[in-house]
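The task is to assemble the complex, starting from two chains supplied on their own in separate frames and drawing on the hints.
So the protein lines, in turn, are chains A and B.
No gaps in the numbering here: position 2 of the first sequence is 1 in numbering that gives the first Met the number 0, and each next residue is one more.
No gaps in the numbering here: position 37 of the second sequence is 36 in numbering that gives the first Met the number 0, and each next residue is one more.
Careful: at least some of the hints might be erroneous.
[Unchecked claim] Covered stretches of chain A (chain B as the covering partner; in silico rule of three or more C-beta atoms under 8 Å from a C-beta of chain B):
#, region
1, 14-24
2, 39-52
[Unchecked claim] As a list, the in silico DSS-like pairs of lysine-lysine whose alpha-carbon atoms are at most 25 Å apart:
#, chain 1, residue 1, chain 2, residue 2
3, A, Lys52, B, Lys116
4, B, Lys82, B, Lys28
5, B, Lys54, B, Lys143
6, B, Lys213, B, Lys28
7, A, Lys52, A, Lys82
8, A, Lys65, B, Lys62
9, A, Lys9, B, Lys44
10, B, Lys213, A, Lys52
11, A, Lys62, A, Lys82
12, B, Lys161, B, Lys116
13, A, Lys57, B, Lys116
14, B, Lys62, A, Lys9
15, B, Lys82, B, Lys50
16, A, Lys9, A, Lys66
17, A, Lys62, A, Lys52
18, A, Lys9, B, Lys54
19, B, Lys204, B, Lys93
20, A, Lys52, A, Lys66
21, B, Lys143, B, Lys161
22, A, Lys82, A, Lys66
23, B, Lys50, B, Lys116
24, B, Lys50, B, Lys93
25, B, Lys145, B, Lys62
26, B, Lys50, A, Lys9
[What the hints assert, rightly or not] FRET-style restraints, in silico, Cβ to Cβ:
#, chain 1, residue 1, chain 2, residue 2, range
27, A, Pro22, B, Asn134, 42 to 50 Å
28, A, Asn5, B, Pro125, 19 to 27 Å
29, A, Glu2, B, Asp26, 54 to 62 Å
30, A, Gly33, B, Glu40, 26 to 34 Å
31, A, Ser29, B, Lys161, 47 to 55 Å
32, A, Thr79, B, Asp33, 58 to 66 Å
33, B, Glu40, A, Thr79, 46 to 54 Å
By construction, these hints were calculated from the structure, which means they are not laboratory data.
Since we're looking at a predicted model, the values are computed, not measured.
Think of the CB as a built atom: it goes at the ideal place given N, C-alpha and C, for glycine as much as any other residue.
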Amino acid sequence: MDELINQLKKEVIEQLNLEEISPDDINPDSPLFGEGLGLDSIDALELIVLLEKNYGIKIQDPKDGKKVFHSIRTMAEYITEHKK
Amino acid sequence: MADAMLPLYFRKINMDLLITSYCHLHDNKVIVNDRLFFYQENILKFADFIKSVYKQENVNYPKFYKMDPISKVGFLAAELVLKQTTIEGYHPEKVGVVLSNSSSSLDTDIAHNETIKNRSSYFPSPSVFVYTLPNIVIGEICIKNKIKGENVFLISETFNGKLLCDYVNELFINERVEACLCGWVEVMGNNCNALMVLVEHAGRKQNEGVPGFKFLPFNAENLNLIITLN
Numbered sequence: 000m001d002e003l004i005n006q007l008k009k010e011v012i013e014q015l016n017l018e019e020i021s022p023d024d025i026n027p028d029s030p031l032f033g034e035g036l037g038l039d040s041i042d043a044l045e046l047i048v049l050l051e052k053n054y055g056i057k058i059q060d061p062k063d064g065k066k067v068f069h070s071i072r073t074m075a076e077y078i079t080e081h082k083k
Numbered sequence: 000m001a002d003a004m005l006p007l008y009f010r011k012i013n014m015d016l017l018i019t020s021y022c023h024l025h026d027n028k029v030i031v032n033d034r035l036f037f038y039q040e041n042i043l044k045f046a047d048f049i050k051s052v053y054k055q056e057n058v059n060y061p062k063f064y065k066m067d068p069i070s071k072v073g074f075l076a077a078e079l080v081l082k083q084t085t086i087e088g089y090h091p092e093k094v095g096v097v098l099s100n101s102s103s104s105l106d107t108d109i110a111h112n113e114t115i116k117n118r119s120s121y122f123p124s125p126s127v128f129v130y131t132l133p134n135i136v137i138g139e140i141c142i143k144n145k146i147k148g149e150n151v152f153l154i155s156e157t158f159n160g161k162l163l164c165d166y167v168n169e170l171f172i173n174e175r176v177e178a179c180l181c182g183w184v185e186v187m188g189n190n191c192n193a194l195m196v197l198v199e200h201a202g203r204k205q206n207e208g209v210p211g212f213k214f215l216p217f218n219a220e221n222l223n224l225i226i227t228l229n
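For reference, chain B alone in the conformation it holds in the complex (with noise of 0.2 Å):
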């Protein structure tokens, strides 16, 4: 029987999602699939961090230096998760993006509101402003990419590895998606932690992976293991 026509109940059973490629940026320290990619003591600001790490990619994407710390995070984990494999045989509008954090755009809401604290020195920035929610981190992912699938923005206390899974499961089912970024990204002050990993079904999936590294089920224990022992 087709999958399509089981009830939802047997296809999340037969689902069979892998994590085809991941990124993980913390402490000074960018892991790309098991492989250190950058890492670099005694960087002490986030802004000197997130710097070098887009340096060493070498982008070229000037609108880089305009966005807000999330977005930079987020962006750049993004860029080195499908630097690692293609999402191009995939619709655009089939490709989803997922992501979570704790503190919402609060790094951001802090630095707009330096801006209007003062009332005789009262200029917003609008460049600042345009940044105070969190999923504009998604925006700059689609449009760099030219994805145009399903998206959302969660908040959790702490990261949540089974709401992520458990959302984009039923992405899979309901059949909105082919391939999810999905991950956390979480950036207050100079502390970030974020992590982004593309999701595929394995019967469907764009590539074959690289060397030394062996696509992983996806579920909540596997995005744990990643986000705590890196």
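Isolated chain A (complex conformation) (with noise of 0.2 Å):
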């Protein structure tokens, strides 16, 4: 688990451009949206690509998008889950 929660965090920071912001930077327990990293409804979308394009997995529900969005932490979890 903590290395997909790593290679996520390196993802994110790429597939966002947060250029100002290294590996270290980012809890993975900390929210991504509003505090935290401060993302906004372009990155999720871009988080939703960067799963389906690094994983082949799609968010099937949007309501899931939430909780499986909430951190780093819970991205891993789900990737772990849904990879096939």
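Below, the structure is given as structure tokens:
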């Protein structure tokens, strides 16, 4: 899980162009939206693309998004659970 | 007779507009109000050039990194222009933005096409797609500077100072604006040429300028001079 979390941090930084943030700056349990990284709605769409492009996972129910993208750790847990 | 009571034709004659601040980005060089703000030889990539200017300007606006190339250039040019002066005395709805270029959002359209051209790897990027309109740069400038006035993005084959002057003059004549950012923001690949000027009415300008820079009358000749001489 730790390896996946570290990989996800790097992928999120690259996908969302978070140039001034390093993987060590991201607490895997901190909220990605609002506080924490302060991501916006376009970033949320980019994260959906990231899951599909890098892990072949489609979010089927939009209601799941809030739970899946709460933090890096919840993303990693969702990937572990759904990766084909 | 009060200016507003005059027929439009006479008000046009009375219009006395000045360029009170300008910025020109071109060929790895940034000129602000006749002074060299940034120059670095041997920068081959646009991305490296604009990032270096951003770092030197020390804006601290993380969203900058998410913008497309045109928005980055327009945003930084506006920052550099407004750093030399102030628009805080104007009502936000009386500050306009009139920009232009020749290739519209083609540079970003190409980037978007890269994400969708291969059907077996079809992953359109939402953050690229939202910039596939040229006027998004105006939105970025307005958000950062709390500008809510008239705005338009014009397309012309080459830089057309007269078109810009005519449009901005009309905004002033019709009292839609009291100050206006105006210019040219062109980026294609690693080539960039951007001019941004702040236009204010001579009698109502908010600042007295900076040493070494004399306000210029706002006309097509001066716009052409700035963009060709620097």
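Hints and how they fare:
1. 14-24: With 5 residues in contact (Cβ-Cβ under 8 Å with chain B), the coverage given for the region 14-24 of chain A holds.
2. 39-52: holds (count 7)
3. A:Lys52 - B:Lys116: 15 Å, holds
4. B:Lys82 - B:Lys28: Given that 25 Å is the threshold and the Cα spacing comes to 18 Å, the pair holds.
5. B:Lys54 - B:Lys143: Holds - the C-alpha atoms of B:Lys143 and B:Lys54 are around 17 Å apart, at most 25 Å.
6. B:Lys213 - B:Lys28: 21 Å, holds
7. A:Lys52 - A:Lys82: Holds, at roughly 12 Å.
8. A:Lys65 - B:Lys62: The given pair, whose Cα atoms are some 22 Å apart, holds under the 25 Å limit.
9. A:Lys9 - B:Lys44: 24 Å, holds
10. B:Lys213 - A:Lys52: 54 Å, violated
11. A:Lys62 - A:Lys82: 19 Å, holds
12. B:Lys161 - B:Lys116: 39 Å, violated
13. A:Lys57 - B:Lys116: 21 Å, holds
14. B:Lys62 - A:Lys9: Cα-Cα ~18 Å, so holds.
15. B:Lys82 - B:Lys50: 18 Å, holds
16. A:Lys9 - A:Lys66: 21 Å, holds
17. A:Lys62 - A:Lys52: Cα-Cα ~20 Å, so holds.
18. A:Lys9 - B:Lys54: Distance of about 22 Å is within 25 Å: holds.
19. B:Lys204 - B:Lys93: OK: B:Lys204 and B:Lys93 at ~13 Å, within 25 Å.
20. A:Lys52 - A:Lys66: 20 Å, holds
21. B:Lys143 - B:Lys161: Violated, at roughly 28 Å.
22. A:Lys82 - A:Lys66: 17 Å, holds
23. B:Lys50 - B:Lys116: The given pair, whose Cα atoms are some 28 Å apart, is violated under the 25 Å limit.
24. B:Lys50 - B:Lys93: Not OK: B:Lys50 and B:Lys93 at ~31 Å, beyond 25 Å, violated.
25. B:Lys145 - B:Lys62: 16 Å, holds
26. B:Lys50 - A:Lys9: OK: B:Lys50 and A:Lys9 at ~20 Å, within 25 Å.
27. A:Pro22 - B:Asn134: 42 to 50 Å: 36 Å, violated
28. A:Asn5 - B:Pro125: 19 to 27 Å: 25 Å, holds
29. A:Glu2 - B:Asp26: 54 to 62 Å: 46 Å, violated
30. A:Gly33 - B:Glu40: 26 to 34 Å: With a Cβ separation near 44 Å, A:Gly33 and B:Glu40 fall outside 26 to 34 Å, so the hint is violated.
31. A:Ser29 - B:Lys161: 47 to 55 Å: Since A:Ser29 and B:Lys161 have Cβ atoms about 54 Å apart, the given range 47 to 55 Å holds.
32. A:Thr79 - B:Asp33: 58 to 66 Å: Check passed, 60 Å falls within 58 to 66 Å.
33. B:Glu40 - A:Thr79: 46 to 54 Å: 50 Å, holds
Of the numbered hints stated above, those contradicted by the structure are hints 10, 12, 21, 23, 24, 27, 29, 30, listed in ascending order.
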